[in-house]
Amino acid sequence: MKPMPLLAISDLYFSHPGHDVLRGVNIEISPGTITALLGPNGAGKTTLLHVVLGLLQPQAGQIRIAGRPLADYSRAEMGQLVGLVPQTEHIPFAFTVRDYVLLGRAPYLHPLEVPRDSDRFAAQAAMVAVGAEHLAGRPINALSGGEQQLAMLARVLVQRPQLLLLDEPMAHLDLGNRSHTLALLRTLQSEGITVIFSTHDPQAAANAADGVVLIRSGLVLATGPVTEVLTAEGLTATYGVPVKVVEVQGRKIVVT
Amino acid sequence: MLHSRRPFLILLLLLLLLLSLSLFVGRYPAPPGLLPGTLLRDELAQRLVLNLRLPRILTACLLGAALAAAGTVLQMILRNPLVEPGFLGVSQGAAFGAALGILLLRGTPWATQGLATLCAGLGLLFSYRLARAMRFGGWILRLILAGIAVSAFFSSGVGLLKYMADPLTQLPDIVFWTLGGLGRTDWKTLLSVLPLAAAGLVTILLFRWRLNLLSLEEETTFSLGTSPDRERAILLGAAVAATAAVISVAGSVAWIGLIVPHIARRLAGADAQRSLPAAVLLGAIFALLCDDLARTLLPGEIPLGILTALLGAVLFLGLMVRPVPERPR
Numbered sequence: 001m002k003p004m005p006l007l008a009i010s011d012l013y014f015s016h017p018g019h020d021v022l023r024g025v026n027i028e029i030s031p032g033t034i035t036a037l038l039g040p041n042g043a044g045k046t047t048l049l050h051v052v053l054g055l056l057q058p059q060a061g062q063i064r065i066a067g068r069p070l071a072d073y074s075r076a077e078m079g080q081l082v083g084l085v086p087q088t089e090h091i092p093f094a095f096t097v098r099d100y101v102l103l104g105r106a107p108y109l110h111p112l113e114v115p116r117d118s119d120r121f122a123a124q125a126a127m128v129a130v131g132a133e134h135l136a137g138r139p140i141n142a143l144s145g146g147e148q149q150l151a152m153l154a155r156v157l158v159q160r161p162q163l164l165l166l167d168e169p170m171a172h173l174d175l176g177n178r179s180h181t182l183a184l185l186r187t188l189q190s191e192g193i194t195v196i197f198s199t200h201d202p203q204a205a206a207n208a209a210d211g212v213v214l215i216r217s218g219l220v221l222a223t224g225p226v227t228e229v230l231t232a233e234g235l236t237a238t239y240g241v242p243v244k245v246v247e248v249q250g251r252k253i254v255v256t
Numbered sequence: 001m002l003h004s005r006r007p008f009l010i011l012l013l014l015l016l017l018l019l020s021l022s023l024f025v026g027r028y029p030a031p032p033g034l035l036p037g038t039l040l041r042d043e044l045a046q047r048l049v050l051n052l053r054l055p056r057i058l059t060a061c062l063l064g065a066a067l068a069a070a071g072t073v074l075q076m077i078l079r080n081p082l083v084e085p086g087f088l089g090v091s092q093g094a095a096f097g098a099a100l101g102i103l104l105l106r107g108t109p110w111a112t113q114g115l116a117t118l119c120a121g122l123g124l125l126f127s128y129r130l131a132r133a134m135r136f137g138g139w140i141l142r143l144i145l146a147g148i149a150v151s152a153f154f155s156s157g158v159g160l161l162k163y164m165a166d167p168l169t170q171l172p173d174i175v176f177w178t179l180g181g182l183g184r185t186d187w188k189t190l191l192s193v194l195p196l197a198a199a200g201l202v203t204i205l206l207f208r209w210r211l212n213l214l215s216l217e218e219e220t221t222f223s224l225g226t227s228p229d230r231e232r233a234i235l236l237g238a239a240v241a242a243t244a245a246v247i248s249v250a251g252s253v254a255w256i257g258l259i260v261p262h263i264a265r266r267l268a269g270a271d272a273q274r275s276l277p278a279a280v281l282l283g284a285i286f287a288l289l290c291d292d293l294a295r296t297l298l299p300g301e302i303p304l305g306i307l308t309a310l311l312g313a314v315l316f317l318g319l320m321v322r323p324v325p326e327r328p329r
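In order, the protein sequences belong to chains A and B. Going by our numbering, the letters in the first sequence line up with residues 1 to 256, in that order. Going by our numbering, the letters in the second sequence line up with residues 1 to 329, in that order.
The set of hints was computed from the structure by calculation and includes no laboratory data. No false leads were mixed into what you were given.
Facing chain A, according to a computed beta carbon distance under 7 Å, are these residues of chain B, among others: (1) R79; (2) L206; (3) E217; (4) E219; (5) F222; (6) L224; (7) G225; (8) S227; (9) A270; (10) D271.
Backbone N, C-alpha and C fix where the C-beta goes; we use that ideal spot for every residue, glycine too.
The task is simple: from the sequences and hints, build the whole structure.
See the structure below:
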């Protein structure tokens, strides 16, 4: 018997006034996997993540997390269930990384509560787990792109979501920080977190993901394991330019 | 130690010191004030301290605390360290209401205060509705633009009322109100604004850690399980209530809401769990210090708003010109 999907999206439609963004999306995500949401710029990836988060209300269709429709969850429950690492996070105040990571405990605290010592220890542990403990006292708005990424990952790790959404996590990073982020996604996965990340880079999908969802103009073109979906035909159809996929030592390399 | 209470304790001690000192400072029997020994013997001095200085000192503290707390809330919710309660049409709305009360209802205290509070609330409401209706830019930008428009609308109204006012009786009242001051404060005025100001202040302080979440990007704030619209509405409402209450007795007192949150963040860090209580104490200290100077320096009283603006602007320049010290890593 197939296990119940952690996330099930069926016939999802979303449009901004005069502009259809998602046009009938169907996706199922198994628990404990890493999935790449792969498509060109403007394909609707960020919108899809925001609809799953509950930030945007779809015009039609249904989203179920762990079998229950999104609307059945309270806001605090949603915060405990789904985490988000946005593409960029501009923070106008000089929070220390320690204070910033601690904000990830919010879904577990009543609005009028302040963090307890146990929350501070959890934040400390999360910073150690992602290798950001040396940043603890630094102001968040004075970090490099790679360092800020670490702080954001520590913040969602301390949030302990079942489902983690990352919007273009590799976009602003250099090669070293990319592979470090990739390794961290595996760490998060080993902590039992199901990961979905959006990317416009097929190579990032090939390197990091177990499964791929190919999306273009608000339509899902293909879903499945990396080995089946990341093909020359599929990528050519997605990006509209000829794409080749070669295998080197059992790993897929995408060439245009 | 994971978080330090030291700045908070130092500020509390400073405030208590200044509070007790302020009781003796003044122009009776002669500047700079009276000696503790005189207070024991002089019955007039006792009545003066108890019925005039004490309520005035407490009102100054409440004024500073409320403006600093409201300033912190607005800066964090609007994600802009350069805003203060004057944005969103609150201060100008209050000034218009007060002028209206002076002109139409002969400046009876309850009319001036009531109308000032009402129009401050209207200022926020108009700004909010206008920002909702605008079709340009992001939410924060629209809110600030709407606030500028509503402020301009109210300040032109104040100008018109000044023009219509009787230059011998009403105009001076309006001008004094817009300059700000606590010269007419007694226990009755303090008690009339205490409930609203305290309710706003306590609400803000209860949300002190939560406020941090509202200063993040909208999508992150939402992803952390908050109800951003509702929580922002509660905090904005509390900030406006506290601001409207205190400026309805003190008149327009500028700069406290802008400068004090900055200094508090320098002292206690950006985390509002620490910077907000620090701002509340620091605001009380700043307003009390300015008011002590206002009633002591010259034989006639200096309007409080002039002193807060002068001291505030000097501090502001000091903060902006001096480089930020590197925090220990």
